[in-house]
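There are 2 protein chains.
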Amino acid sequence: MNKGFSFKRYFPILVWAPNYTNSKFFDDTIAALIVAIMLIPQALAYALLAGLPAETGLYASMVGLTVYALFGASNTLSVAPVAVISLMTATALAKLSLATPEETLAAALFLTFLSGLFLLLLGLLRLGFMANLLSQPVISAFVTASALIIGLSQMQHIFGVSANGQNFLGLLGSLFGQLGSINFVTFYIGAGSIGFIIFSKLVIKNMFLKIGVDAHIATTLSRSGPLLVALITGLLAYIFRLDQQGVQLLGEVPRGLPDFGLPGFSIDLLNSLIGSALLISIIGFVESISVAQTLAARRRERVDLNQELVGLGASNLATSFGGGFPVSGGFSRSVVNFEAGAATPAAGLFTAILIAVVALFFTPALFWLPRVSLAAIIIVAVYGLIDFSVLKKAWVYSKADFTAVLITLVLTLLIGVEVGIGSGVLASVLIHLYKTSQPHVAVIGRVTGTEHFRSVDRHTVETFENQLSIRIDESLYFANTRYLEELILNLISDKPKLEHVILMCTAVNKIDMSALETLEKINETLRELGVKLHLSEVKDPIIGKLAKTNFFKELTGNNYLSQNQAVEDLR
Amino acid sequence: MNKGFSFKRYFPILVWAPNYTNSKFFDDTIAALIVAIMLIPQALAYALLAGLPAETGLYASMVGLTVYALFGASNTLSVAPVAVISLMTATALAKLSLATPEETLAAALFLTFLSGLFLLLLGLLRLGFMANLLSQPVISAFVTASALIIGLSQMQHIFGVSANGQNFLGLLGSLFGQLGSINFVTFYIGAGSIGFIIFSKLVIKNMFLKIGVDAHIATTLSRSGPLLVALITGLLAYIFRLDQQGVQLLGEVPRGLPDFGLPGFSIDLLNSLIGSALLISIIGFVESISVAQTLAARRRERVDLNQELVGLGASNLATSFGGGFPVSGGFSRSVVNFEAGAATPAAGLFTAILIAVVALFFTPALFWLPRVSLAAIIIVAVYGLIDFSVLKKAWVYSKADFTAVLITLVLTLLIGVEVGIGSGVLASVLIHLYKTSQPHVAVIGRVTGTEHFRSVDRHTVETFENQLSIRIDESLYFANTRYLEELILNLISDKPKLEHVILMCTAVNKIDMSALETLEKINETLRELGVKLHLSEVKDPIIGKLAKTNFFKELTGNNYLSQNQAVEDLR
Numbered sequence: 001m002n003k004g005f006s007f008k009r010y011f012p013i014l015v016w017a018p019n020y021t022n023s024k025f026f027d028d029t030i031a032a033l034i035v036a037i038m039l040i041p042q043a044l045a046y047a048l049l050a051g052l053p054a055e056t057g058l059y060a061s062m063v064g065l066t067v068y069a070l071f072g073a074s075n076t077l078s079v080a081p082v083a084v085i086s087l088m089t090a091t092a093l094a095k096l097s098l099a100t101p102e103e104t105l106a107a108a109l110f111l112t113f114l115s116g117l118f119l120l121l122l123g124l125l126r127l128g129f130m131a132n133l134l135s136q137p138v139i140s141a142f143v144t145a146s147a148l149i150i151g152l153s154q155m156q157h158i159f160g161v162s163a164n165g166q167n168f169l170g171l172l173g174s175l176f177g178q179l180g181s182i183n184f185v186t187f188y189i190g191a192g193s194i195g196f197i198i199f200s201k202l203v204i205k206n207m208f209l210k211i212g213v214d215a216h217i218a219t220t221l222s223r224s225g226p227l228l229v230a231l232i233t234g235l236l237a238y239i240f241r242l243d244q245q246g247v248q249l250l251g252e253v254p255r256g257l258p259d260f261g262l263p264g265f266s267i268d269l270l271n272s273l274i275g276s277a278l279l280i281s282i283i284g285f286v287e288s289i290s291v292a293q294t295l296a297a298r299r300r301e302r303v304d305l306n307q308e309l310v311g312l313g314a315s316n317l318a319t320s321f322g323g324g325f326p327v328s329g330g331f332s333r334s335v336v337n338f339e340a341g342a343a344t345p346a347a348g349l350f351t352a353i354l355i356a357v358v359a360l361f362f363t364p365a366l367f368w369l370p371r372v373s374l375a376a377i378i379i380v381a382v383y384g385l386i387d388f389s390v391l392k393k394a395w396v397y398s399k400a401d402f403t404a405v406l407i408t409l410v411l412t413l414l415i416g417v418e419v420g421i422g423s424g425v426l427a428s429v430l431i432h433l434y435k436t437s438q439p440h441v442a443v444i445g446r447v448t449g450t451e452h453f454r455s456v457d458r459h460t461v462e463t464f465e466n467q468l469s470i471r472i473d474e475s476l477y478f479a480n481t482r483y484l485e486e487l488i489l490n491l492i493s494d495k496p497k498l499e500h501v502i503l504m505c506t507a508v509n510k511i512d513m514s515a516l517e518t519l520e521k522i523n524e525t526l527r528e529l530g531v532k533l534h535l536s537e538v539k540d541p542i543i544g545k546l547a548k549t550n551f552f553k554e555l556t557g558n559n560y561l562s563q564n565q566a567v568e569d570l571r
Numbered sequence: 001m002n003k004g005f006s007f008k009r010y011f012p013i014l015v016w017a018p019n020y021t022n023s024k025f026f027d028d029t030i031a032a033l034i035v036a037i038m039l040i041p042q043a044l045a046y047a048l049l050a051g052l053p054a055e056t057g058l059y060a061s062m063v064g065l066t067v068y069a070l071f072g073a074s075n076t077l078s079v080a081p082v083a084v085i086s087l088m089t090a091t092a093l094a095k096l097s098l099a100t101p102e103e104t105l106a107a108a109l110f111l112t113f114l115s116g117l118f119l120l121l122l123g124l125l126r127l128g129f130m131a132n133l134l135s136q137p138v139i140s141a142f143v144t145a146s147a148l149i150i151g152l153s154q155m156q157h158i159f160g161v162s163a164n165g166q167n168f169l170g171l172l173g174s175l176f177g178q179l180g181s182i183n184f185v186t187f188y189i190g191a192g193s194i195g196f197i198i199f200s201k202l203v204i205k206n207m208f209l210k211i212g213v214d215a216h217i218a219t220t221l222s223r224s225g226p227l228l229v230a231l232i233t234g235l236l237a238y239i240f241r242l243d244q245q246g247v248q249l250l251g252e253v254p255r256g257l258p259d260f261g262l263p264g265f266s267i268d269l270l271n272s273l274i275g276s277a278l279l280i281s282i283i284g285f286v287e288s289i290s291v292a293q294t295l296a297a298r299r300r301e302r303v304d305l306n307q308e309l310v311g312l313g314a315s316n317l318a319t320s321f322g323g324g325f326p327v328s329g330g331f332s333r334s335v336v337n338f339e340a341g342a343a344t345p346a347a348g349l350f351t352a353i354l355i356a357v358v359a360l361f362f363t364p365a366l367f368w369l370p371r372v373s374l375a376a377i378i379i380v381a382v383y384g385l386i387d388f389s390v391l392k393k394a395w396v397y398s399k400a401d402f403t404a405v406l407i408t409l410v411l412t413l414l415i416g417v418e419v420g421i422g423s424g425v426l427a428s429v430l431i432h433l434y435k436t437s438q439p440h441v442a443v444i445g446r447v448t449g450t451e452h453f454r455s456v457d458r459h460t461v462e463t464f465e466n467q468l469s470i471r472i473d474e475s476l477y478f479a480n481t482r483y484l485e486e487l488i489l490n491l492i493s494d495k496p497k498l499e500h501v502i503l504m505c506t507a508v509n510k511i512d513m514s515a516l517e518t519l520e521k522i523n524e525t526l527r528e529l530g531v532k533l534h535l536s537e538v539k540d541p542i543i544g545k546l547a548k549t550n551f552f553k554e555l556t557g558n559n560y561l562s563q564n565q566a567v568e569d570l571r
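In order, the protein sequence lines correspond to chains R and V.
In this text, residue positions in the first sequence follow the UniProt record's numbering: the first is 1, and each later residue adds one.
In this text, residue positions in the second sequence follow the UniProt record's numbering: the first is 1, and each later residue adds one.
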C-alpha cells in the first residue's frame, strides 16, 4: 500500500469528479431521490430520538451528506443520522441533566464536534486498526440491545403517553405506570402506520412489478411507505384537527438552512462528554466501515480504512458547525443507495439538495405531522436490527464469545448503551488474553522410522530419557509466557535423568520482550539444574531479532534448524 | 493438573508438617534468625514509608509470616512488608486526605482487607492467569521508578528536613525548597549509615570467611549491617541525646502484640480504595509468584499459582485483622531465606516468633532509633531494585515493548505509582492487540517440481491465473480478522480471471467467532463475484469447531487436507 503522501487520497473527489458522465448523473439522481424519500422522515424521527429539535435531523443530514461526498472513501455510503448513534447521543446528553433545550443543543453540537475530531485524528494518524477492538459478535449484541431500547422508547408515542429511562427496565417500568392514560386515537394512528409501512415493504413492490411498472419506480414506491405515512397522517391531523383529540404533533419547525458557527466550549463539558464522544466515534466508524466494505466488495472496489475515518470525521465536524448531531453510515439506507444505483458520492450530494429543498419550502407542512407516525417509522426501522441468532450461534461455536455477547446484551439492556458496549469491549479483550494465556503446547516424540514429530499423548512415538521435546503452537508474548515457564518447570521436576530441553518453534510467529526474558529465565534455571536448553525450527525473522540480544550467547544449548537434527545430535 | 478438590492443596502445611525433622528444624531456625535480623529494621522503616506508625510494620510481619506459613505454596517466600507495596499503600492513603493518624490506620487496615479479599477470591476462583496481564518489562520499569521515588522520599530524612509529594518531581521540588535548613548532625549519621551498610554487604562476609569463621555465621554477620546501624545509631542517640541536636527519633513504640479486630467498613472508603487495593494485590502477587517460582525451580520444586494467591490472600486478610498493612513476598528477603537454608514454611513462623519477642521486650529501646538510620536502610534496600538496563534492552529488541516500558517509567515518576502501572498495563495490551492486528499473511505459490509452497515475493514459484493462494501465519481473532478481509478484497480487486481463493491454514491455531463471521462474509462476498473460497491444511480442533456451525455447508469451495491437493484439483 502507498505510504507516501497523496493529495488524491485525502480528496477522493479529485478522482471521481473529472470522470463524471451524464449516465452517472442519471443514476445518482435516481438514487438520491429514493434515499431522500426514505431519509426525510427518518431524519426528523432520529433527531427526536436524540432528544433534539426535529430540524437538527434535517441539518445533520444535509451537512453530513455534503461533506462526506467531498472526503468520504465509499461511493455508496449514506452518512446521516442513524438509530443507534442517536440513542447514544440521547444517553450522553441525559447524563448532563441540562435545564434548557438551548443548553442541550449546545452540548449536542460539542459532542458532535468531539466525535468528529476523534474520527479525523484517528484517520490522519492512520489508527483505523483501533476499530478492531470491537469483536463482531459484541457489536451484533450491542445493536440488538440498542434496537430493543429504541423500540421500547418509542412505545410511549404509540400509546400517546410519556415515559423515560436510559435502559430497558427503566423504560418498561415508566411505560407500565402510564398505561392507564393511553390515548386511543394516537394508538390507532400508530398501529395503522406500522401496518402500512410493513405492508408497503412486503407487498407494494411486487404488486407494481406485476402490473408492469418500471422496476426503478416500483422500488421507489415500495420505499416510500414511511413518507406516505407521514403525508397521510399529517393530512388527517390537519383536516380533523387531531391535536384537539390529544394527538401530539411535531409542531413548529423553523424554515430555512442551518446557521453555521463554532460549537461552544467548556472544560466541564469536555470532561463529561469525552468518553461518550469516543464511544460514539468508534461505534459509528465500525458500523460505517462494515457497510462500506461490504458494498464496495460487491463491485470489486475497495475502501481505504483511514480515509473512511477522515470522511466520517470531516462530516461530523461540519455537522457540529451546522447545527446537527452525530452522523454515521446507516446500513439499510446505504444498501438502498447502492441498490438504487448510486454511482459516485454525488448521489449523497443530490440527496442533501433534496433535503435542503424540504427545509426551505416544506417545513410549515411538518407542523401537522403526528409524533406517533415518526415513532412508527422508527419502530419498523429498528425492528430490522434485532437479531438474537448471534446468541445461539455463539453458544454453539464458542462459550467464550457467548460470554462476551451475553455481557454486552444484558448490560446494555439493564444499565445502558455506554456501560454495555464498554463492558463488551473489555470482556472481548480479557477473554482473548485468557484464551491465549495457555498456549497450545505438546510434549512430542519421533514417529519411529520417520523424521516426523507428534504429541506423545496421541501417538506412539519414541522419546529419549535424557531429552524433553516440547512443541509450542503459538506466538509467545506477555500473557502466555508465564504459563510456558510453569509448564517446563513442572515437566522437569520429576525427570532426574534429563539433560536437554528442546523447544520446537515451528508455529511461533512472534516472541515479545516478556517472552524473551522468560526464555532467558528458563535457560538460567535449567543451567543451575545442569540441563541445557535448545531451540529448533525457529523462524528467520525471530532469529534475526534474537540475534540482536545476548540470547544466543547465553543459551546453554544450540539453535537447531530441524527438530530431528536436534534429537539425533543430543541422544 | 489435578482439578478436583484436594484438602491438602488448600492446606500445604498438611503436606510438610508430618515429615518435619530435627535437621529441618535446625535449618529453619538458622534461616529465621538471619531473616529476622534483616526484617526488623525493614519492617519499621516500611511502616513509616507507608505513612503508618512503626509498630504496624512489626505486626504486619509477624501476622503475615505466620499465616503464610499455614497456607502459602512456597517453602521459602518471606511474606512481610515490602518497599514497593508500602509506597503504593502510602499513595492510596494520601489520596483520601484523612485528618488523623487513627483514620489513616483504619483506612490502611481496610485497604489490606480488600487486597487480601481480592487475592483470596482470585485464588479460589483459580484466576491466577490474571497476573499475566503484566508484561515483565513493564513490571521492571515500574519497580525501578518506584524505587527512585522511594529513595528520593527518604532523602528528607537524610537531610533532616521534611518534604512531601507522590511523584518524583513533586518530591524533588519539595526537597529543594528545604535544602537551606539541612540538619548536619542528621546528615552525617545518614551518610555514615549508608556507608556502613554498603561496606558490611560488600566486605564483611569475605573478611570473616578469610579468618576462618563458619560460613553460616559469616553470612549472618554480613546481613546484620542494617541491624548494627540501628543498634549503633540508637546507642549514639541515647548517649549524646541527639534529639537535642535536632535529630528526629522514632519515639514511643507501643509494647506488646497486636490487638485483633475486624477493620471498619464504609461505602465511601470502599469506593475510594477498591482501585488501589486491586493494583496492590496484582503487583504484590506478580512479585511474589516470580520470586517463589524462581526459588522453587532451583530445588526442582513447584509452586501452585492459585494456592499462592490463597496464601497471600489469607496473609493479608489476617494482617488487616492484626493491625498491619499490605504484605507480599519480598525479593531480596526471600532470596536470603532461601540461601540461609530455609527448608519449610516453618522458617517464616520462627521469624515471626523472633519479631514477636522484639515487640514484647525491646520496644523501649526503639525509642532512641534515629529516623535517619531507617531512611538509610531503605535507601540501600531500594537501590538494588533500580535497573535501567530494561530500557536499553527493550530499545534494541522491540520498539513496541520499549514504548510500554517508557510510558510506565515516565508516568510512574511524573504522576505516581497508580497511574504509572495502570498505563503500563493498558499500553501492553493495546500494543499487543496492535501487533497482532496485522497478522502475517503471504500470497504463496508452488516451488516448481515440489509440493512446497512459498511466498511469491521471496521465491520463484508457479501460480495459476484462476487461483489465489494465501497462507495465514497467525490465529484469527477479532483484532486481526478485519485486516484479513480487507487484504483479500484488495487482492481480488485487480484479478478478473480469478475463480478460486485458497486459504492455507497451517499456522492457524484458533478461529474465534468474529473470525468465523468474517470468513462467512468473505465467502458470501466472493460468491457474489463468482469466486469460490477454499481452505487447506486446517487443524483438526478447528475443523471440529467449524463443523458445529453451518460454515462448511455455506462454503462455496472445499476444505482440502493439503495445499498441493487444492492447487492440483482447481487448476
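It is possible that part of the hints are untrue.
Under the rule of at most 27 Å between Cα atoms (straight-line distance), these lysine-lysine pairs were calculated in the DSSO-like manner [what the hints assert, rightly or not]: (1) V:Lys435 to V:Lys510; (2) R:Lys392 to V:Lys435; (3) V:Lys510 to V:Lys545; (4) V:Lys545 to R:Lys545.
Keep in mind that the hints were calculated from the coordinates and are not lab data.
These figures come from a predicted structure and were not determined experimentally.
- Query: Given the proposed pairing of Lys392 (chain R) with Lys435 (chain V), does the C-alpha separation stay at or below 27 Å?
  - Reply: The hint is violated at about 31 Å.
- Item | Holds or violated: Lys510 (chain V) to Lys545 (chain V), with C-alpha atoms at most 27 Å apart | 10 Å, holds
- Task: With a cut-off of 27 Å on the C-alpha distance, tell me whether Lys545 (chain V) and Lys545 (chain R) pass.
- Result: Violated, because 35 Å separates the two Cα atoms, which is more than 27 Å.
- Task: Would you mind confirming whether the straight-line C-alpha gap from Lys435 (chain V) to Lys510 (chain V) stays at or under 27 Å?
- Result: Distance of about 17 Å is within 27 Å: holds.
Consistency note: the structure conflicts with the earlier hints numbered 2 and 4.
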